[in-house]
Amino acid sequence: LCLEKLRYNFYLQKFGYDPRQWPFNTTLDLEKFEYTPESAEITLHYDCPPPAAPETILGLFTCPSQSAFKNVFVQVESQAQALKGCNSSFKVGVRKNYLSDIGNFLAIEEALREGFKVKFKVKDEDIEFCSNCTKSGGACGFDLDYNATTCYCTDGSSGQTKCPQGQIKASPSILWTSGSDASSTVVFEGGERLEIILSIEYPRSETFNGSGLLACGFFCNGDCRSDYLFAILYLQISNHTTYYTYGDDTNIVLLPEVVWSANRNNPVKINATLELTTSDLVLKDSDGTPTWSANIPGNSVVAGLNLTDTGNLQLLDKDNVVIWQSFDHPTDTLLRGQRLKAGQKLTANASPSNWSDIGGLYSISVTNEGFFAFIESNPPQLYYNFPVDYGTRESTEPCYVRNINGTFGFYLPSSNKDDLDTMTEINPSFCSYSTYGSPFIRLESNGSFRFHENSGGDVLDINDCAYPMACGKYGVCTKSKCSCPESENGTVYFTHINMMEPALGCFEITQLSCHVPQVQHHGFLELENITYFSFVPELVNVDSNTCKQACLKNCYCKAVIFHYYGLDRSKGICYFPTEIFSLMRHEGESSRYSSITYLKVQNNLPTTYMKKKRIPIVQLVSSFGAFFVLFSVGMLVFLYWKKKQANDDEEDYLDHVPGMPDRFSYEDLKAITQNFHNKLGEGGFGTVFEGTLSNGMKVAVKRLDGLRQIKKSFLAEVATIGSIHHVNLVRMIGFCAEKSHRLLVYQYMRNGSLDKWIFHKTYELLLSWQQRKKIILDIAKGLSYLHEDCRQKIIHLDIKPENILLDEDCNGKVSDFGLSKLIERDQSQVVTTMRGTPGYLAPEWLGSVITEKVDVYSFGIVIMEIVCGRRNVDRSQPEEAMHLLALFKQKYEENQLVGLIDKCCVDMQSHEAEVIDMMKVAAWCLQSDFVKRPSMSMVVKVLEGVINIEHNLDYDFTKAPVPGDRGAKFGHQEENHDNVATLLMPSVLSQPR
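As numbered in my numbering, residues 80 to 1072 make up the sequence shown, in order.
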């Protein structure tokens, strides 16, 4: 037994006990410590021999310590075994049932686990006591003062059978801080950290006989400086002898499984706070920025916070009525008893190690017609469906799916309004997948939907090749093996992204182009007996040629999936997917139909066309003299040196900017975007492409174009937002600065830009009034952060609907900082060249004097466009209604503002008073004198009801300001202010990015 030193603290410091040292020479008392019933008393003598050399000393040797060599003597009353030297050990057995139920002090474990496996001695009658204590979130230990087994709880109490459960009272308020060194902290073997706020034992049942704990609190997985979630976790008590640290104790491992989180897309930093008050539950980042709240209705009073034994976090009123519950806001997991109702959905994490759903590809939703699984695309593609035909339906309540004691089914609410808990199971056979009473079912990042620790497989019950990303994009799955589409006539159209990892997928060697003349040279690669996981009949009773011609006329069509019956290909059915994920080999002998896939490919342009494009270089060069050639070479060398010097300076600049995001190589981004294949849109500074990181996370990659603007815009974007994180700003994930390549990698926004939701209205894209209000507030918070909470003021300079992106929950996020201008705090105005987008420019732009109030003006226009459902300048309208701001003034003077409300939204018509109040907020932001406009922080307070709207407003929004003492020189403004020249090209970016 080699003990480097035996000086450990033997106390419960976290629970307020005085330090107690374990002496150098100690006899482990059988009254306090457990070996096996047959084990003898053991005495350790460290650094000095026993008072009198007993006959039973079996080993005498020297072991090295930090300071010197120490003698170790081992005395055992029974001469059963002996220690032979420093690296040998004498193990004493411990009964297994103690390992799963009883805790141990870290100090003793560290000191003795090399040689003696010992535990605290617990009497038989205390075994259940310790089991209940551990599962309730406590630490079961031996109290040296009372010579008895005790349960120590996170609230500081001790001695009871188990720790208190139930709600935490909200009055007057309670504040928890992430990263606090609290006694309730659990540090797991993998480095994960959980700071428990509430915990409760998971109940055993006939179908579940395991050991588990449910807990909510701050949780981090790895970087515990900036990646905390406020989450609910299921902690499974393992049966093997792995340990986690709990305060100064060691306890049986609890494997952490996040089953719900409030801020999965916006982790907070150390010292973030969670505050429970009588009005709300609010999570704030370390700088005080609100990240999440339960958004309790204003007339509700919160009395307490409760965690149920099913993992449902609840806010209760004084009568214990639920005001808010986490079960109504599912993430990627369904817990026992939780319902996923029509209109709700689960969204998978981006990857097993990334809990964010940004970049997550898969979702599951419920309608009154059935249960469906989709992969994210435009539009989403269905990969599993469970349709339901329930005939004539009497109940008006939404259908739902539910996990009840480990079974899963689709339910129809009873028509009896007084007994809504009586449910009709639509298909009992659907509920036979789990016999283990699993605590939860999770939508995994690979698209599977599995019971926790269920060896029975996937609830969706589909084969491996039917998953959309089984072999990556354009990959062909054959009996779980991946390949690329075969070549045709010696032409190879697709190759692996990574030959060593074929499951990552394939990319086009020659990218499809919709530009002339390339679009005229599209063709098809025919793949016999290849089909697709999704199929939506778009043409019926047609032959394959008809389908191919239809696809060629639509550049968004990426392939033809053609199904036919028997040998007759003249009466088939075809589907035109707009994005290609994994293909799969069609097992024709086991199917009623045959399948052919025609992948659209880009053929090479004819040689004659290429010759026409060539420059007659030989003739051109021959017309110049030798002197000019030499001069040109010299100039090229000089320019190359200058460019290299500029590039080196820029690279050096980027390497020294603090807080920069991840840096990618150009080859990395080519692979991520499949050679820049899927274009999402383009704006004045570049083109945006869809990409997928190696962990499955979807991203938007912006490739900066142009010559003069590229360096300036790149440095502005990276230096400005690389280290900025806010829930209402699109987050930059990384960038590329390699030679002349300049690219930016952003989080992918599933619902695209705001313009398509307010200008290109369909029933599916119609926003409710509550959603519009929330988006307006989101934009205001994002701008307020840029203007007032950054180290330097940041002016966006191009606020418009195209630069407001929406995530899957329609939360608004400000994007595109390509025009950002940083202003030192002591500067109130900055003179700069005019830029922005026509129709959104503040009047003071004509004088080239700007402040952050230009963003306020543009924000006012965006408000009007959101509530009116039309553009500020709409040339499709009659001349008198073409300009929205002029119409706004006219309707105000006529007291007919209600006539401006978006007529496509019935919901807005029923909230006339609120919409008109919002127009008044817009009018305040649109004051032609920028001094009279509110700051964005004031706008936020108005929208949150903290302060009132200014009433003395001028509704002549487009008149030029009168020159005054502000140092501005304003010219005359034309009536058609939308024709003002600008350096920025309008953005065309309405797809997700």
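To be clear, the hints were calculated from the coordinates, so they are not data collected in a lab.
Errors might be hidden in some of the hints.
[Stated by the list, open to error] Computed list of lysine to aspartate or glutamate pairs in DMTMM-like fashion (alpha-carbon distance at most 20 Å, straight line):
(1) K424 x D888
(2) K968 x E1029
(3) K1038 x D986
(4) K970 x D953
| request: Against the structure, test the hints numbered earlier, and report the numbers of the ones violated in rising order. | output: Of the numbered hints given earlier, the structure breaks just one, which is hint 3.
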